[in-house]
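Novice: From first to last, the protein sequence lines stand for chains A and B. For what it's worth, my numbering labels the leading residue of the first sequence as 4, then goes sequentially. For what it's worth, my numbering labels the leading residue of the second sequence as 2, then goes sequentially.
Among these hints, one or two may not hold up.
[Unchecked claim] With a straight-line cut-off of 27 Å between C-alpha atoms, the simulated DSS-like cross-links for lysine-lysine are: (1) A/Lys-7 with B/Lys-122; (2) B/Lys-19 with A/Lys-226; (3) A/Lys-34 with A/Lys-499; (4) B/Lys-122 with A/Lys-271; (5) B/Lys-19 with A/Lys-6; (6) A/Lys-586 with A/Lys-602; (7) A/Lys-257 with A/Lys-271; (8) A/Lys-499 with A/Lys-484; (9) A/Lys-496 with A/Lys-484; (10) A/Lys-257 with A/Lys-588; (11) B/Lys-120 with A/Lys-7; (12) B/Lys-161 with A/Lys-6; (13) A/Lys-7 with B/Lys-19; (14) A/Lys-484 with A/Lys-465; (15) A/Lys-275 with A/Lys-287; (16) A/Lys-586 with A/Lys-275; (17) A/Lys-278 with A/Lys-531; (18) A/Lys-607 with A/Lys-278; (19) A/Lys-484 with A/Lys-544; (20) B/Lys-109 with B/Lys-73; (21) B/Lys-122 with A/Lys-14; (22) A/Lys-7 with B/Lys-73; (23) A/Lys-14 with B/Lys-120; (24) A/Lys-586 with A/Lys-531; (25) A/Lys-257 with A/Lys-316; (26) B/Lys-120 with A/Lys-496; (27) A/Lys-287 with A/Lys-602.
To be clear, the hints were calculated from the coordinates, so they are not data collected in a lab.
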Amino acid sequence: MFKKELAEVLKQTAWFVVAICILPGLLTLLKVVSEPYLAVFASTLQAGLAFWSVFLGASLFGRERGQGAMEYALSFPYSRFGLLARLAGPRLIVLTALSITAWAMGFIPPVLIAGVCLPLFLISLSLSTVVENFIALCLISFAGWYALAFVVFRLIWNVPVRSVSFGMLSAFVLPQADIGPYRSSGVPLIFVIQILFPILPFIVALAASFPRFDLRRSAAFRKRYGLGFASCLVLCSLLVPLGRSVVLANIGYKDFFLTDDLTLIEWKTLAKTLKIHTAGSTRKGRLDSPMYWPIWDENKALFFRDIDGSLQKMDLAGGRSALVQRYNRNQRSYWNFSAYESTLIFIETGSRPDEIQLVLADERTNKQDRRAFSHPSFRKGDLRLIGTGLRERIRYWICTATDRSKKSSLRLWDDGRVEEILVRGRLETINTPHVVNGLLIFSGPEPMFVLQDTGTSFEMKKEFPAEEGFHAWDGLLERTKLDLPAVPFIYGKRGKNLARMNTSTLEVENIGVWSSSGDDAWGYVFRKMGQAYFIGGSRTKKNLDVYALGEDGMRLIRSFPDTDINRRGTRYEIFDSGIVLTKGKRTGVYAFPDLRELKFQGVKSLRQEK
Amino acid sequence: MSDTIFEARGLTVRYGRKAAVSDVTVAFARGETTMIAGSNGAGKSTFLRCLAGVIVPDRGEVVRGLGLIPEKIGFISDRLSLYENWTLGEAWRFHRDEFRIEARDLPKLEGFELESGRKIKSLSVGERTLFHLSLLLAQRPDVLLVDEVVHALDPFLREKFLEAVIGAMDELHTAVIMVNHILSDTAQIPERVLIMDEGRFILDERREDLMGRVKKVSGEGALPSDIPCLFAASSEFRRDRYIYPFREEMRRSAAVDFEDIGLDEIVKAFIGGAYVQKRAR
């Protein structure tokens, strides 16, 4: 039976593969899509594989039902699990082989196989024993995976860490799953739990009920299935938070944040406490909601995103956190926010798809103001503020709307006008715009160009020829603070050289070789306290070097040998006041400008390691 | 018990709230031929499917006798369940592998041959029944479970079918448990008769004993009250009463003629009696 089933499944899968190969070709030929064939093929294969996983699971008894052989199959001389293995085994083998082939060819990521295809296959396989209607079975499989993977998972993970609120209820009814905090927490076990959790109740239900599987799908069989499912779900619900606590306490790594006044914050994703290290003492801080990511610090306060996406402020002296801006699920606040002077600025969706609202929160008065803007580009989703300024006493903000690789740049005036920033008559660009010294610098895969703000519009100031090869690549360009003082230079790469562009003359000059570490060298420019630095190294040499950039070019200020950033547990973070380098359980803290090492109680330094 | 090939212990099978088989305990002996009869919906086929392992009872269990392995159980259902898109050759090879049959060639029943390239779905009901039986006999079964398939066969094929079954009984000492309620052709086969009603066996007798314990009284003659009347069939022209259990001394107490009747009529009387009791309730 195994061989027969394998042959049958292989035949069906061959047809599936043929269809997946032809469909993108047709879409490309008929110009339904503009992407190249391989890109469409990859997308089609990814979506198709998810559906195919459900089909393979759902059709467990498809042939028996279709050919009236159910009774015959159930009378075979082996146990129910024997029958299940003979029917499910070939399906699992074919699905795995297909997935691995697609992965090896670079068409699908392993997370899609482990997190979507395999769970969907097992869920539909399990449900095929209780649901007979094929279409209903497929729909329930998708819904079951979605519900458990996102809704219940989210609930269970959030219940212990935040109070029951309407927000949680709405997340249950209308899931807007945000699993980012868990995925990026750097704890693989959490991700494994995330994958296993949705399928475990289905597997347990199948295992509990299948010995009683027969022609009737009797009430006793369904009851066993339901009981197995429910009890496993409850058990998982109890074990997952417990597992999370154990994982975080024992396996999850520590994260650090170094403030401007050299206070070291030690924290863990999803934990509700943190440690505040100063030069001579360590104390505990309590968080109302676990920290997801610290953003910046100011006046002995640390601003951070919590796991719900809300902006919180931690008083480092008092050790307590307070809510600054709640993440509004209904308004679908964008994750990014910016700041200038004492204003924090967030983007929220408006009442229409093409409308957004800028939320202006004054940090001193705690007052909030809103401005509504509408433009078709706002439908595209990913919005980011890149600059602000004043013209004739009217405030404006410059934002980009990103749709895949295309960016639209817009100037939003405080009086509600939306000004399109056109480049050669077109709104969309491939290069990414950055605002520096009143200039709009577009850098990216295409030759760089710079626009000048005339007050009422933007005019082309300089188009760099392709052979110039200079691409601005400066940490200054990716910033939260929009009101940085004027800078004389913008840094970037020009082939193997590190170069800088004078922001007045727009002339570019080389200041050193950034790839001196070798062919596999890496590095980038970052800005702290108005000073530019270059950090880089080589993967083979396992080094990490920090240079100060100035009039005299690149000056090495500290080298960190034996630092393999590809090694698990080794990572570095750059803050305004210094660098934190972590290797396993040891951490080195180095302060700008000379990167001298700082000592903190309770933090094992890297020097002790030697 | 060493002679027992199958034993059902407290079997209960439900379809929703209705019990198709209700707390049935019964044993079957090696080499014994048993006929299970009963009204429609009595639970005969469900019981047989439990023995075949196709239905898992809600309560109770089916215990196989010592030495009986699953490969030696042959089951043919009234739905003639096979992969119908396959050819006979494919079906045979598959069945041979699954049931670990040593024979290599497509089995044939004497006087009945089919081309191995034909698809199962192209066969007539009779051809399909005999092909299915040939597959089961190739297993050299210790037990043959046959659902209501005989009545669907034409007289020629029915004879072939019964010849094959009797041949297996003689040659292999196969126990046959057959569900049937038309016994005109098969009355001489069973050694034991079970009659089922509402999920329970209401009769379990050796055929010879049963033939002696059921008699028919025709006509209007009065019967003494101590003579148990199983079922009375009346029409405009005649009146028949079936007596069970009959004892020889009844001939002396009643001035009526007790007629011997065939198995077919006995089963009809029991089923009729069951219907009367149901109506009375």
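Novice: Take the hints in turn and mark each one as holding or not.
Specialist: Evaluated hints:
no.	hint	result
1	A/Lys-7 with B/Lys-122	holds (19 Å)
2	B/Lys-19 with A/Lys-226	holds (17 Å)
3	A/Lys-34 with A/Lys-499	violated (40 Å)
4	B/Lys-122 with A/Lys-271	violated (66 Å)
5	B/Lys-19 with A/Lys-6	violated (40 Å)
6	A/Lys-586 with A/Lys-602	holds (16 Å)
7	A/Lys-257 with A/Lys-271	holds (5 Å)
8	A/Lys-499 with A/Lys-484	violated (30 Å)
9	A/Lys-496 with A/Lys-484	holds (24 Å)
10	A/Lys-257 with A/Lys-588	holds (8 Å)
11	B/Lys-120 with A/Lys-7	holds (17 Å)
12	B/Lys-161 with A/Lys-6	violated (34 Å)
13	A/Lys-7 with B/Lys-19	violated (38 Å)
14	A/Lys-484 with A/Lys-465	holds (26 Å)
15	A/Lys-275 with A/Lys-287	holds (10 Å)
16	A/Lys-586 with A/Lys-275	holds (24 Å)
17	A/Lys-278 with A/Lys-531	holds (24 Å)
18	A/Lys-607 with A/Lys-278	holds (14 Å)
19	A/Lys-484 with A/Lys-544	violated (35 Å)
20	B/Lys-109 with B/Lys-73	holds (19 Å)
21	B/Lys-122 with A/Lys-14	holds (22 Å)
22	A/Lys-7 with B/Lys-73	holds (22 Å)
23	A/Lys-14 with B/Lys-120	holds (20 Å)
24	A/Lys-586 with A/Lys-531	holds (23 Å)
25	A/Lys-257 with A/Lys-316	holds (20 Å)
26	B/Lys-120 with A/Lys-496	violated (72 Å)
27	A/Lys-287 with A/Lys-602	holds (18 Å)
Checked against the numbered hints above, the structure violates hints 3, 4, 5, 8, 12, 13, 19 and 26; every other hint is satisfied.
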